[in-house]
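Enquirer: Given the coordinates of chain X, assemble chain F with the ligand onto it according to the supplied hints.
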Amino acid sequence: MTKTRSTRRAFLRSGAAAATATLLPMPAIAQAAPRVLVIGGGFAGATCARALKLLVPRTHVTLVEPNSIFTACPFSNDVIAGLRDIKVQQFTYDKIRREVTFIRQAATKVDPQKRTVDLGDGASHGYDRLILAPGIDLRWDGVPGYDEAAAKKMPHAWKAGEQTQLLRRQLEAMKDGGLVVISAPANPYRCPPGPYERASLIAHYLKTKKPKSKLIILDAKDAFSKQRLFQNAWKELYPDIIEWVSLSKGGKVASVDPATNTFVTDFGKHTANVGNVIPPQKAGRIAELAGVTDRTGWCPIDPSTFESKQQPGIHVIGDATIAGGMPKSAFTANAQAKVCAAAVAKLLAGEVPVQPKLINTCYSLVAPDYGINVAGVYRPVNGVLTEVEGSGGVSPIDAPREIRKLEAAYAESWFRTITAEVFG
Amino acid sequence: MAASPEPPPGAASCSGCHAVSAGTKTTVPRIQGRIAADIVAAMAAFRSGARTATVMDRVAKGFTDDETQAIAAWFAAQK
Ligand SMILES: Cc1cc2nc3c(=O)[nH]c(=O)nc-3n(C[C@H](O)[C@H](O)[C@H](O)COP(=O)(O)OP(=O)(O)OC[C@H]3O[C@@H](n4cnc5c(N)ncnc54)[C@H](O)[C@@H]3O)c2cc1C
Chain X
3 MTKTRSTRRA FLRSGAAAAT ATLLPMPAIA QAAPRVLVIG GGFAGATCAR ALKLLVPRTH
63 VTLVEPNSIF TACPFSNDVI AGLRDIKVQQ FTYDKIRREV TFIRQAATKV DPQKRTVDLG
123 DGASHGYDRL ILAPGIDLRW DGVPGYDEAA AKKMPHAWKA GEQTQLLRRQ LEAMKDGGLV
183 VISAPANPYR CPPGPYERAS LIAHYLKTKK PKSKLIILDA KDAFSKQRLF QNAWKELYPD
243 IIEWVSLSKG GKVASVDPAT NTFVTDFGKH TANVGNVIPP QKAGRIAELA GVTDRTGWCP
303 IDPSTFESKQ QPGIHVIGDA TIAGGMPKSA FTANAQAKVC AAAVAKLLAG EVPVQPKLIN
363 TCYSLVAPDY GINVAGVYRP VNGVLTEVEG SGGVSPIDAP REIRKLEAAY AESWFRTITA
423 EVFG
Chain F
11 MAASPEPPPG AASCSGCHAV SAGTKTTVPR IQGRIAADIV AAMAAFRSGA RTATVMDRVA
71 KGFTDDETQA IAAWFAAQK
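Respectively, the protein sequence lines represent chains X and F.
The first sequence begins at 3 in my numbering and counts up by one.
The second sequence begins at 11 in my numbering and counts up by one.
Okay, chain X solo, but in the shape it has when bound:
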C-alpha cells in the first residue's frame, strides 16, 4: 500500500500522468482515489473542500476544523454596534459533512516530506495534496503590553465570537460621554477597511444612544482603504464623534496598559472607557509549522495554483497568503478557494492548470443604510496577483444617498449569498 502510494505521489507530482498512463499498471492507479486534506473550515477552506469534491467526485476530501460552529467576521461590526444578533453570523458544518469527510480537530503538525498531517487527537493522515486555510493568528508580540490576558480587558474582536460579544457588552456598559479608542495596525492585515467600518458603526451607536461620547482611531498608517469615502461620510454623519489620528500625527501605539485601558503613543496617552486593540497579524500557526511562511509571517504562493513557493504539494489560500494586490477578505478567500480547487483537480489529473482571473469586493457599512465598496479584478503577472489595469476602484465619491442605501442592501445580499455558497 505504502509503495503504491509513493509511486502514485511521484507520478501525480511529475505532472505527466496523462503522457505516461499507458506505461503503468492501470488498476493500481484507477483504484487509488487521490486524498486531499483541507485544514481550516473558514471562508477559504470550506469553499475549497466542497468545490474540489464537486469538480472531481472520486477525490477523498477531508476537511479538518476544530469548531463545530463557524462565526463569520463580515458583518460582525454590526453585532458590535448592536444592529445584529451574533446568531446571524453563525453557521454549522451540517451540509458540508454530507459532502466531504469532516474531522472536528485541530491540525497540530505537518510533515511535508512524508506528506502527513497530525491532528489534536493524535491521529496521522496522509495526503496527496494538502490545502492550508488557517486564516490569521494575532501577533501577541506586536503591541507591548498586549497579550491574551489583556485581550479579555481590551478586546481585539478580530476573530469573531466571544471577543465580538465582549466588545459589544463593554460598549453597552459604557456611560454617555465616554471615550472609545480603536487602534489599527500597519498593512497587511485581515480586512483592510474593517477598522474604519467598525469605527463608523460604533459611532452610529454612540450618536443614537450615547451622543456625548467620542471615538478615536489610533492608526499605524497614513492612508487606508476607501479613505475619502469614509472620511466624507464621517464629516457628514459623525462630525463631532470620530477623530482619526494618522501615523505621522502620532497614531502608532507604542504600548498598552490593560490595567488602566491606556494606549501609549510617542505623542502622548489616551485612556479609554472602551479600548479595542487590533494588533498586527500573521498566517495561522499551522502554516508556520508546515514551513510555508516566510519571514513576514505570511505564505508566498504561486498565483495560478496557490501552491506554496516553499513546499511542493501544499497549497495555501485565504488570509494566510501573500496574494499580491488582493486584500485579505472573505470574498478573496472564497474566490481563491475556487481557483485552487480547479488547479488541484487539474494537477491530480496530470493536467496543466489554467491562468486564473479573480475578483475581490469589500463592502463596508458607514451606517446601517449607507454602504460603500471597493472592487478589483486580478490576474497573475510575473508570478504576482496584479489588478487588471482600468478595472476596479471604489464607489463614486459623490453618489447620492439612495445609491448608498442600495449598496447597503447589496452588502447584505452579498453576505447571504457567500455564506450560502460556503456553508449552506
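Check the hints yourself; a few may be wrong.
Covered, in the sense of this in silico footprint (three residues per stretch, anywhere, with C-beta under 8 Å from a C-beta of chain F), are these stretches of chain X [to be verified]:
#1 339 to 348
#2 391 to 399
#3 419 to 426
Just so you have them, the derived chain F footprint on chain X, three or more residues with Cβ under 8 Å [to be verified]:
#4 353 to 360
#5 371 to 379
#6 407 to 413
Simulated pairs of lysine to aspartate or glutamate, EDC-like, Cα-Cα distance not exceeding 20 Å [unchecked claim]:
#7 X:K155 / X:D259
#8 F:K35 / X:E414
#9 X:K216 / X:E238
#10 X:K155 / X:D139
#11 X:K228 / F:D67
#12 X:K407 / F:D67
#13 X:K237 / X:E389
#14 X:K228 / X:E414
#15 X:K214 / X:E245
#16 X:K161 / X:D268
#17 X:K209 / X:D371
#18 F:K35 / X:D371
#19 X:K223 / X:D143
#20 F:K71 / X:E245
#21 X:K251 / X:D268
#22 X:K111 / X:D139
#23 F:K71 / X:E389
#24 X:K228 / X:D400
#25 F:K35 / X:D87
#26 X:K214 / X:E238
#27 X:K216 / X:D178
In short, the hints are calculated from the structure, not lab data.
Backbone N, C-alpha and C define an ideal beta-carbon position, used for all residues, glycine too.
Expert: Here is chain F with the ligand on its own, set in the frame of chain X:
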C-alpha cells in the same frame, strides 16, 4: 478523468455576489441560466458606461470580450 464542470477564468468569482442557490434572499439579479448574448450585452454596457451600476462597471472592465463570452456561455449553461 478531466475536471469537466470547471468554469472559465473569472466565472467562479461571480457567484460571490450572484447567488447560485435558488433559496438565497438577494437583491442582486440572477445570471445563471440567462441567455449568453444578454449577459455579454449587459457586460458591454457596464464597461462602456451606457448602463449605470454600483459595482459592475468596475468588474466588467477587468474582462476582455473573449473572457466575457466564455463566462456568459458558462452561466447560460448552468441551471
Ligand atoms: C471585523 C471584520 C469585518 C470583516 N468584514 C469583511 C467583509 O465585509 N467582507 C469580506 O470579504 N471580508 C471581511 N472580513 C475578512 C474575513 O473575515 C476574512 O478575510 C476571512 O475570514 C478569511 O477567510 P479564511 O478562510 O482565510 O480564514 P477564516 O475564515 O478565519 O477561517 C480559518 C479557519 O481555520 C481554522 N483553523 C485555524 N487553524 C487550524 C488548525 N491548526 N487546524 C484546523 N483548523 C484550523 C479556524 O478555526 C477557522 O475556522 C472581515 C474581518 C473582520 C475581522
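Enquirer: Now tell me, hint by hint, if it's right for this structure.
Expert: Each hint, compared with the structure:
A count of 5 residues in the segment 339 to 348 of chain X with a Cβ less than 8 Å from any Cβ of chain F is obtained; the coverage claim is therefore met, three being the minimum. Counting residues of the segment 391 to 399 of chain X whose beta-carbon sits less than 8 Å from any beta-carbon of chain F gives 5, enough to reach three: the coverage restraint holds. For a cut-off of 8 Å, the count of residues in the segment 419 to 426 of chain X with a CB near a CB of chain F stands at 5, and the three-residue condition holds. For the segment 353 to 360 of chain X, the assignment as covered by chain F holds, since 6 residues bring a beta-carbon within under 8 Å of that chain's beta-carbons and 3 suffice.
For the segment 371 to 379 of chain X, the stated coverage by chain F is satisfied: 4 residues place a CB nearer than 8 Å to a CB of that chain, which reaches the threshold of 3. Figure legend: the segment 407 to 413 of chain X, annotated as covered by chain F; annotation consistent (4 residues with Cβ-Cβ distances under 8 Å, at least 3 required). Of the pairs offered as hints, the one joining K155 of chain X and D259 of chain X holds, with about 10 Å between alpha carbons and a cut-off of 20 Å not exceeded. For the hint linking K35 of chain F to E414 of chain X, the alpha-carbon distance of about 10 Å falls within 20 Å, and the restraint holds.
Restraint check for K216 of chain X and E238 of chain X: satisfied, since their Cα atoms lie roughly 16 Å apart, inside the 20 Å limit. Taking the CA atoms of K155 of chain X and D139 of chain X, the gap is near 19 Å; set against the 20 Å cutoff, the hint holds. For the hint pairing K228 of chain X with D67 of chain F, the CA-to-CA distance comes to about 17 Å; that is within 20 Å, so the pair holds. With a C-alpha separation of about 18 Å, the suggested pairing of K407 of chain X with D67 of chain F holds against the 20 Å cut-off.
For the hint linking K237 of chain X to E389 of chain X, the alpha-carbon distance of about 30 Å lies beyond 20 Å, and the restraint is violated. The suggested pairing of K228 of chain X with E414 of chain X holds, with an alpha-carbon distance near 19 Å, which does not exceed 20 Å. Of the supplied pair hints, the one linking K214 of chain X and E245 of chain X holds, its CA atoms being roughly 14 Å apart against a limit of 20 Å. At roughly 28 Å between alpha-carbon atoms, K161 of chain X and D268 of chain X are farther apart than 20 Å, so this suggested pair is violated.
At most 20 Å may separate the alpha-carbon atoms for a hinted pair to count; K209 of chain X and D371 of chain X meet this at roughly 15 Å. Under the criterion of a C-alpha separation no larger than 20 Å, the hint pairing K35 of chain F with D371 of chain X is consistent with the structure, at around 18 Å. Taken as a hint, the K223 of chain X and D143 of chain X pair is honoured in the structure, with Cα atoms around 19 Å apart against an allowance of 20 Å. With a C-alpha separation of about 36 Å, the suggested pairing of K71 of chain F with E245 of chain X is violated against the 20 Å cut-off.
Only pairs whose Cα atoms come within 20 Å are accepted, and K251 of chain X paired with D268 of chain X is accepted, the gap being roughly 10 Å. Between K111 of chain X and D139 of chain X the CA atoms are separated by roughly 16 Å; this keeps the pair inside 20 Å, and the hint holds. As the CA atoms of K71 of chain F and E389 of chain X are separated by approximately 11 Å, the hinted pair is consistent with the 20 Å bound. Simply put, K228 of chain X and D400 of chain X have alpha-carbon atoms about 13 Å apart, close enough for the 20 Å limit, and the pair holds.
Simply put, K35 of chain F and D87 of chain X have alpha-carbon atoms about 18 Å apart, close enough for the 20 Å limit, and the pair holds. Between K214 of chain X and E238 of chain X the alpha-carbon distance is near 17 Å, which keeps this suggested pair within the 20 Å criterion. This hinted pair checks out: K216 of chain X and D178 of chain X have alpha carbons roughly 9 Å apart, not beyond 20 Å.
The structure shown violates the earlier hints numbered 13, 16 and 20.
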